[in-house]
Amino acid sequence: MAVCIAVIAKENYPLYIRSVPTQNELKFHYTVHTSLDVVEEKISAVGKSLGDQRELYLGLLYPTEDYKVYGYVTNSKVKFVIVVDSSNTSLRDNEIRSMFRKLHNSFTDVMCNPFHNPGDTIQSKAFDGIVSGMMVQTG
Amino acid sequence: ESLDGCTLLLQVTEVCGAKRLGYFGTPQFFVALKLLAAAQSGLPVHLESVTANLPLPRFVGLKTEPEMRYSAVPPAADAQCAPGSVSRTPADRSFRHLEANVDKKESWSPPPSPCSSPPRSPLTYRGYSYSKQRNGADAQTAHESKASSRPSVQLERLSSPGGPSVEPPALTRAPSSERLEQDHCDDDPWRITEEQLEYYTNQFRGLQPNLGSLILGTIAKNFFTKSKLPIPELSHIWELSDVDRDGALTFSEFCTAFHLIVARKNGYPLPESLPLTLQTGFTQQDVPDTPGSAEPLIVFEEAELSQKDRSVPESLATTQDLKEEQPGVCVKRATQEKRTLQLGAFPERPEPPHDLDPHMRTKTRPRSYSSTSIEDAMKKAEEPPTPPPRPQRNHSRASSLDLNKLFQQGAPGIKSGWLPLPPALPPRPPASQVPHFINVPEKTVQQPNFADFSHFREEEESSVKPEERGPRSRFGPNTEDLTNASKQDAIGVSHSQAPQKPVRRKYHPDSQNLEAVPPPAVSFATTTKPAPKPSSKQKREIQVAIRKNKETNAVLTRLNSELQQQLKVVHQDRVTLESQLELLRPAAST
Chain A
29 MAVCIAVIAK
39 ENYPLYIRSV
49 PTQNELKFHY
59 TVHTSLDVVE
69 EKISAVGKSL
79 GDQRELYLGL
89 LYPTEDYKVY
99 GYVTNSKVKF
109 VIVVDSSNTS
119 LRDNEIRSMF
129 RKLHNSFTDV
139 MCNPFHNPGD
149 TIQSKAFDGI
159 VSGMMVQTG
Chain B
217 ESLDGCTLLL
227 QVTEVCGAKR
237 LGYFGTPQFF
247 VALKLLAAAQ
257 SGLPVHLESV
267 TANLPLPRFV
277 GLKTEPEMRY
287 SAVPPAADAQ
297 CAPGSVSRTP
307 ADRSFRHLEA
317 NVDKKESWSP
327 PPSPCSSPPR
337 SPLTYRGYSY
347 SKQRNGADAQ
357 TAHESKASSR
367 PSVQLERLSS
377 PGGPSVEPPA
387 LTRAPSSERL
397 EQDHCDDDPW
407 RITEEQLEYY
417 TNQFRGLQPN
427 LGSLILGTIA
437 KNFFTKSKLP
447 IPELSHIWEL
457 SDVDRDGALT
467 FSEFCTAFHL
477 IVARKNGYPL
487 PESLPLTLQT
497 GFTQQDVPDT
507 PGSAEPLIVF
517 EEAELSQKDR
527 SVPESLATTQ
537 DLKEEQPGVC
547 VKRATQEKRT
557 LQLGAFPERP
567 EPPHDLDPHM
577 RTKTRPRSYS
587 STSIEDAMKK
597 AEEPPTPPPR
607 PQRNHSRASS
617 LDLNKLFQQG
627 APGIKSGWLP
637 LPPALPPRPP
647 ASQVPHFINV
657 PEKTVQQPNF
667 ADFSHFREEE
677 ESSVKPEERG
687 PRSRFGPNTE
697 DLTNASKQDA
707 IGVSHSQAPQ
717 KPVRRKYHPD
727 SQNLEAVPPP
737 AVSFATTTKP
747 APKPSSKQKR
757 EIQVAIRKNK
767 ETNAVLTRLN
777 SELQQQLKVV
787 HQDRVTLESQ
797 LELLRPAAST
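Chain order of the listed sequences is A and B.
Going by my numbering, the first sequence opens with residue 29, and the numbers climb by one from there.
Going by my numbering, the second sequence opens with residue 217, and the numbers climb by one from there.
Hints are not guaranteed to be accurate.
Taking lysine-lysine pairs in the BS3-like style, the calculated list, with each CA pair at most 25 Å apart, reads [claimed, not checked]:
hint, chain 1, residue 1, chain 2, residue 2
1, A, 105, A, 130
2, A, 153, B, 442
3, B, 766, A, 153
4, A, 153, B, 437
None of these hints come from the bench; they were simulated from the model.
Just chain A, same shape as in the assembly (with noise of 0.2 Å):
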């Protein structure tokens, strides 16, 4: 269950970020930005085939004692960010990456839409609703 779900563009822009509202939002803003220095240094650190998925997923970027940021990059740069309590039980390697992959294609989806223009901000409802699913459930 994640805290934060940040959608990042190509730019380094957000296009989509979402926090468990009952945290302090600002907080997670700030982790999802300094986490994407991270992401930068593991792109260009790369291997060989840019092209194969093992390489789209991240993994931990970096873990603090509060919380685990884990990454993913796309093909066209854009960066899925998760941020994880740290306190849940630790969500294994294949639950994150399935996350990843259920934001991947339900962000394409988005993109398939062709009243959504790439760049904008992503305003689906059938995306909110995954996220929501992939969130903490609190009250």
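Based on the hints, put chain B in the right spot on chain A.
Relative to the frame of chain A, chain B by itself:
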């Protein structure tokens, strides 16, 4: 009761069968009321009149309430109505005689099982009249009567929503939407009726002559934008209707979208998920469309992507994508080919046009959640481009295996750190060539004898080679030329160890070739007869290879300089850190 004449009453009771039974059971009561209504309208008191579309019988005592109700409803002028249930629609119909306002639907919660309770309020009694109508006649006749009475009412109702929209398409939509509206509220607002279907078909044909093919997303966007609905709503409608998520609309998807738009224009709120009737209509329409077009599509798809094993549903989904016969779809195909060519150069995703991405994604998505989906999509993209580059690509991929073998062999200097360097270059095509180039010497290193001997054997014996050797032979002369240029010195052997480490850092093409040379150095000595009989084909190949290598050389030298700079920086950092450490150590010791 306002009836004067007990005779009438007697007639009613007789007709409805109460007399026979001796009491007014509920069905009898319904019929009686209906007959009363008929009588009040002046129709003869007969069983047939029960079927007629009649106003509700007017009861003096209860008159005030219905009037109040009617007057209360008009102020709620907003034509929002939830998708009506069947029991509500007769209510609408009767209401429309008085007030053309759909809102009344909501004021009447569906009369629940009116058959069960005796009339206690106008609400329920009206409910009885509905059920009476249903009981009294079969639905068909009621339906027809409904239909007949509807158009007159529809016109006045729809003039208002038709007014604001001035666009020609919307105008053409308005008169037809009368009929549509009628069918909206008929059984289920989300069911597409024949007239609607016909209208949608004509519109579809206007956009796309062939009913079996797809409307592109951009075309659909322009078309639906004319409906003047706000973009987020159109976006939502698209999400609902594009069921196969391919960024284009099939005929049934188009009908669904159109229907939703019409519904929205007429005031229905957009559903969160696709209503069932639209879905079923979807599948029904789908069936006639796909089978006819399935056959050639599959052939086309196989021809294009023969090497990929794909699941059947995926092929069916993408066959629609690949179908080409119509101008619109020709565009799509062209874009697809363009995309594949573009991607064939190297899978560069950053800026492909919009329909390229969804195209690519359609291929990845049906392949649900396979971890190699993107990878396969990439491979797929690389397949279609012209064959000459293909062996190179395969070569590169195959070379990854070579690298693995190299690792196993513990080839010195070939470490993973070495690999990332080439692709770090921004321009992709050179980067793609770089690995090829790098892999060339590796390949020759890995199977040097094989490569060179095969090449030379080819020279000597001019024997027909198997295909795999084709690329190698291409690279064989390549390395050979370079080695000849660099005067294969026996130093090559001793360099095998030394250059490999610096080669790892400094990408000197020469040293690489030297690296390639050393193992076969011996063979080189013996077989130095440089490809004397350059057949024209080999010449061409050689030239191509030379060009490519020159490009990669340039790239590599650039990379080299960059890396040198980085190395310097890192060195400096290291030096500073070491000096700090030195400073701290005496401090710690004391």
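Outcome of the hint check:
With a C-alpha separation of about 17 Å, the suggested pair residue 105 of chain A and residue 130 of chain A falls inside the 25 Å cut-off, and the hint holds. Straight-line distance between C-alpha atoms of residue 153 of chain A and residue 442 of chain B comes to about 23 Å, which keeps the hinted pair within the 25 Å bound. For the hint linking residue 766 of chain B to residue 153 of chain A, the alpha-carbon distance of about 52 Å lies beyond 25 Å, and the restraint is violated. A threshold of 25 Å between alpha carbons decides the hint, and for residue 153 of chain A with residue 437 of chain B the separation of about 19 Å falls inside it, so the pair holds.
In summary, the structure is inconsistent with hint 3 from the numbered list given earlier, while agreeing with all the others.
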